[in-house]
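Novice: With chain A's structure known, arrange chain Y on it following the hints.
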Amino acid sequence: MIKVSQVHKIYPSSKKGEDVHAVNDVSFECKPGRVFALLGPNGSGKTTMLRMISTMMQPTRGSLAVAGLDTSKDTEKIRKTLGFLTGSAGLHEKLSAAESLEFFGQLHGIRGDELRKRKEFLIERFELGEFLNRATGKLSMGQKQRVMLARTLIHDPQVVIFDEATTGLDVLAAKGLIEIIRDCRQEGKTVLFSTHIMGEVAMLADDVSILHEGRQIYSGTMDELKSQQQSVSLEDEFIKLLESATEKSGGNS
Amino acid sequence: MIVVWATFRKEISEVLRDKRTLLLTILVPMVFYPALIMLAGGLGAKQQMKEQERKIYVGINSEEVSQEFVTMVMDQQGKDESIVWKLLEKETSVKESLQTGAYDIIIDTEHVKNGEDKPYYELTMHFFSTAKGETDLARVEAIFANLKAEMIESNMGKIIDISEYKDYASVRESTGSKFGGMAAYFIVFLAFTGCMAVAVDVAAGEKERGTLEAMLVTPASFWEITFGKLIFVVVMGLLSVGSTALGIGSMVLAMGSAVEGMSLGGVGWVSILGILLLILVTVFFFAVLLFTMSILARSSKEAHMRCSLLMLLIAMALVYCTLPGVASTGTILFIPVLNVALSLRALWEGSMTLLDYTTVVGSLVILCALIIYYVDRKVSNDAESMLLK
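Note that the protein sequences, when read in sequence, are chains A and Y.
Under our numbering, think of the first position of the first sequence as 175, with each following residue one higher.
Under our numbering, think of the first position of the second sequence as -18, with each following residue one higher.
To be clear, the hints were calculated from the coordinates, so they are not data collected in a lab.
Source: prediction; values computed, not measured.
Fair warning: there could be bad hints in the mix.
Claimed, not checked - The calculated DSS-like cross-link candidates involving lysine-lysine, where the alpha carbons are at most 27 angstroms apart (straight line), are:
id: 1; chain 1: A; residue 1: 254; chain 2: Y; residue 2: 359
id: 2; chain 1: A; residue 1: 205; chain 2: A; residue 2: 349
id: 3; chain 1: Y; residue 1: 282; chain 2: A; residue 2: 312
id: 4; chain 1: Y; residue 1: 359; chain 2: A; residue 2: 251
Claimed, not checked - Facing chain A, according to a computed beta carbon distance under 7 angstroms, are these residues of chain Y, among others:
id: 5; residue: 190
id: 6; residue: 199
id: 7; residue: 200
id: 8; residue: 201
id: 9; residue: 362
id: 10; residue: 365
The C-beta atom is built at its ideal place from N, Cα and C for all residues, glycine as well.
Okay, chain A solo, but in the shape it has when bound (with noise of 0.2 angstroms):
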């Protein structure tokens, strides 16, 4: 479980100038065995959110806490029961998938027997044997995205976040993708997830939140969102509600 109260995260400005609210005042919760997600245009907090929710941040205000534990006291502990993956993020192209899921799991501090078994499992669950030995570097993207995956699971997180991991992915390997969320979901874990694919949300979100130059601009249910649709499509209504948050806001963005 993911709770997230009243948070603010505002950067010094570089240069003379006024501070950059990347987040401003947001709350919500993401719930065990449900799959939520995080909305919004290109730089409107989203990332930034997400990396306070995994510790690699802190807010400036408010609070987080994942799993019961505060993100900011608790960090080590989190860590375990969290898996991060971004679109952003790379393999140690030199090394092999196998090597890869060994070196994270020793990260994590597993070993020995519940490390082979848990390697094992994900080779599995993933398809990871065809290419299990080749060096990470000389992968397909869709090979890559379903290593980087495994990776992300060898600690068998409770929580699981994914930040636009379907970015720069073909349509079968964010198919594949789709279905470990699912999956997820299945076994009973945390699932969030950013992106600003609204055909994503349709298919997957049990509930949504909308960013909006940092702030929060919707709140609630997939059901309650579509329940408000006035559009034709999900896509339209997720513009209409940027339009009119830019409106509110001075209309300049």
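Specialist: Same frame as chain A, but now just chain Y:
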């Protein structure tokens, strides 16, 4: 042609908007390199002048020396006050006088009658064949060469001849002072380049590729990951030094006597251990410094540029260390790179004191601790801008 021109214009536009690249590729070379060359040239010239003006003491063995010779030599004192001529007291040990530094050169004279009743002096030069000792010897030889020329000109004929040289330096002192500076240059420079080759990649490279973020989101702490990386950089730095030492060592063995006088003869195991420990500490210092510079850079390109500038600075500092008369004393003991290069030479020639050695190693360890403390503060206060893309 339009495409070529358009592409060229695009590249120019991009680079003109990249202030850091502009600064590092145009402004820094324009200002920094000439300043560095001027500084190095100035320091070199100053050091050479200092060497020429350094006071040296020349002892004349007073047994059987003629008053005429003494008067002739003492007259030189007025021409060059930096060379002090003194008559050696009776029963003074030549070796001891040279070893204690009471005299830099000692001259024995033998008055040879050549049948025509003209005075004729055969000289024996007692000296230390270290780099400093040979400089001193050259200065004294120049005096005698002048004297001889004057005598020939005034039709007095050849009256002075240096017939024998007696060297009191051990093989260790001699080779250490002659080759120690160059060896230190290679060791320190290779340690730096060996570390640099990998430090940029494991810090800035991993940050750029997004693999560092993936590692940092695990329960492993920043310092656990960093120390793992630092150990790797140290090993690579040591390998770089070791493989070159092995290569040069094999070459020297293969060439045998071709590299005359180059020998480690007489360097005891304590000094060898001291050299190895100093190399280890130096490589660790470079690893910490380069890792910090790389992790603070925004990209691999920026990290490479910063480290290359530092490499140039280090190369200049190492050249300065090879100049005669530059020794590991005083404040130099606290200046990184200079202190290491000079200490390595001093350890080889056997002139390093335990106190100086401890000062050099201690100051490097303290510097490493300060850099690590700075990085720790920076990570605590601003981890996101430092570690994330």
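Novice: So, for every hint listed, does it hold in this structure?
Specialist: Evaluation of the provided hints:
1. 254(A) / 359(Y): Between residue 254(A) and residue 359(Y) the Cα gap is close to 25 angstroms, so the pair holds against 27 angstroms.
2. 205(A) / 349(A): Distance ~23 angstroms between residue 205(A) and residue 349(A) Cα, so the pair holds.
3. 282(Y) / 312(A): 24 angstroms, holds
4. 359(Y) / 251(A): 23 angstroms, holds
5. 190: Constraint on residue 190(Y) satisfied, holds at 4 angstroms.
6. 199: 4 angstroms, holds
7. 200: Since the shortest Cβ distance to chain A is 4 angstroms, the answer is holds.
8. 201: Hint holds; residue 201(Y) Cβ to chain A Cβ min 4 angstroms, cut 7 angstroms.
9. 362: Since the shortest Cβ distance to chain A is 10 angstroms, the answer is violated.
10. 365: 5 angstroms, holds
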